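Colleague: So the chains spell out like this:
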Amino acid sequence: MKLTIDGLTVRFPTPNGTTATILEDITLAVPAGELVVLLGASGCGKSTLLNAVAGFNQAYDGVIRVEGRQVHAPGADRGVVLQTDALYPWLNARENVGFGLRIKGLPKRERDARAEEALALVGLAGKGDHASWQLSGGQRQRVSLARALIADPEILLMDEPLGALDALTREQMQDLVLDVWRRTGKTILFVTHGLDEALYLATRLIVLAGRPGRIVVDEPSDFGRRSLAKGVGASVKSAPDFSAARERLRAALFEGTV
Amino acid sequence: MSAPVPVSELALPFVVPAEGLPRGAVPVEPAEPVGPARRPRGDGSSLRLAVSLATIVGLIALWWAASASGLVGKLFLPSPAVVIERLGRIATEGFVDATLAQHLGASLARVFAALIASLAIGIPAGFAIGLSTVGRGVLDPIVEFLRPIPPLAYLPLVVIWAGIGETTKVLVIALAMLPPIIIATSTGVRGVARDRLNVARALGATRWQVLRLVVLPSALPSIFTGTRIALGAGWSTLVAAELVAATRGVGFMIQSAANFLATDVVVAGILVIAAVAFALEFAIRLLERSLVGWATYG
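Note that the protein sequences, when read in sequence, are chains D and B. Per this note's numbering, residue -18 is the first one in the first sequence, and the count goes up by one each step. Per this note's numbering, residue 6 is the first one in the second sequence, and the count goes up by one each step.
Some hints here could point you the wrong way.
Pair by pair, the computed Cβ-Cβ distance ranges are [said to hold, decoys possible]: (1) Phe(-7)/D x Leu291/B: 44 to 52 Å; (2) Arg46/D x Thr211/B: 18 to 26 Å; (3) Leu291/B x Ser117/D: 24 to 32 Å.
Sample of chain D residues facing chain B (criterion: CB under 8 Å; computed from the structure) [as the list claims (entries may be wrong)]: (4) Val52; (5) Leu63; (6) Tyr69; (7) Trp71; (8) Gly81; (9) Pro88; (10) Phe223.
No lab work stands behind these hints: they were computed from the structure. Computed from a prediction, not measured in an experiment: that's the story for all the values here. Ideal placement from N, C-alpha and C gives every residue a C-beta, glycine not left out.
Next comes chain D alone, as it looks inside the complex (with noise of 0.2 Å):
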């Protein structure tokens, strides 16, 4: 298993002197290659969850393992995405994606050449030299994410990478994210509130819902590969299973029951 959470019960000291549990007992096995996603309405601990996993969070009960070793504090085998996409902006585009070469300490000539390899991944080939604030939303995030990568991290964390960009913008990465998964063969957990961007992009589908935040769907998904299958771009979000599997979802999410 690539990622294991076993038992994750995360409290929050609330304004008024009593503890808030934002999640309880949430136990959850990961096998490599797979590209899950975390779905669920704002304020349910989705985000919470991914922290602890990145150990940006450490305060919590249970047990979090990355290829079965236990993690706690935040390490270079997690890469993550934020929503935000926190370029260094006193750095290039180059210089940020091989900002987790240079923490290593490897010589700037391979740090560039691996930048540039990174960068032509997510599509972003020749734009090494702009600064970070030359570059569009959707490139910004791009960078971020071969900045992620090229640390060759053991699973990927995306906390709603695309949840700040335009519509259009947003469904061109969904299918970067599925090109990159699929070329770089990374594990990846995803966490979104977005349903259509859910069922599109994983190949299994976790639903947070209720407070504390419990796991109420966990099932696979294949909409991700079918549309992988038919080449980028071409949509599976208009076939009727599709629909019909949103309708379900939506109700989870809201009800808290399938």
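Assemble the complex: chain D is given as a structure, and chain B must be docked to it using the hints.
Modeller: For chain B alone, kept in the frame of chain D given last:
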């Protein structure tokens, strides 16, 4: 010429609550771009420049008229021509045993020595305040105690402690420069967006690497603002610093001139200080634009 930074922006580092924001408790917005916003050309900036020039010319004309008409006595306000002529003589013949270049050199050396010292102390201190609760608890009261005291008030104490040598002069200037640098640095350090830090940590960065490669560059625009304010404070303190046993320096020159009622030298000295301060401000803006120009765009 770049657009003037509004006073409210310059004062930004001073309005942070003393206890600061609870770190990590609230999502921190990325630091405000510190550099002046770059405007498209032809939006009236040339008009503004013309108005500024006209104001300066008008003031000089008013000054000339006041002294030429005999309305104000020569002792109180020498005419522009006399001051310029005097400035020329100070530059060539000198005043109280030193030329203008030597006076200016002595003053600049003191201000720059003080700047280097206060940057060397202020930036680490600002990091300590910005990063650690203990650091903030220890250093915040000291900074807040030091900040409002006028340099003339602690000058005697510094003389008693450090004597009447060059150290005292540099120390007095440095004490005035330290608070703005510390406060601006800590504000910049505290304002680093959490996502920027998290991304680096997720790439396996050590605490030291996060500090050096993420926090320091993020705080740099703020440190620049603090340095600009500090240079202003440093020049303001110059005259006080050169009160004690100086033989050279623009501040010393002004005080000696006052003893002889040489008003023209006093005015010339004031103009020199203003011109040098302006030139330094301009130079640091250029440096800022080349080093942290990205801050304008975020």
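Colleague: Which of the numbered hints are not met once you compare them with the structure shown?
Modeller: Going through the list in order, the structure violates hints 4, 9 and 10 and respects the others.
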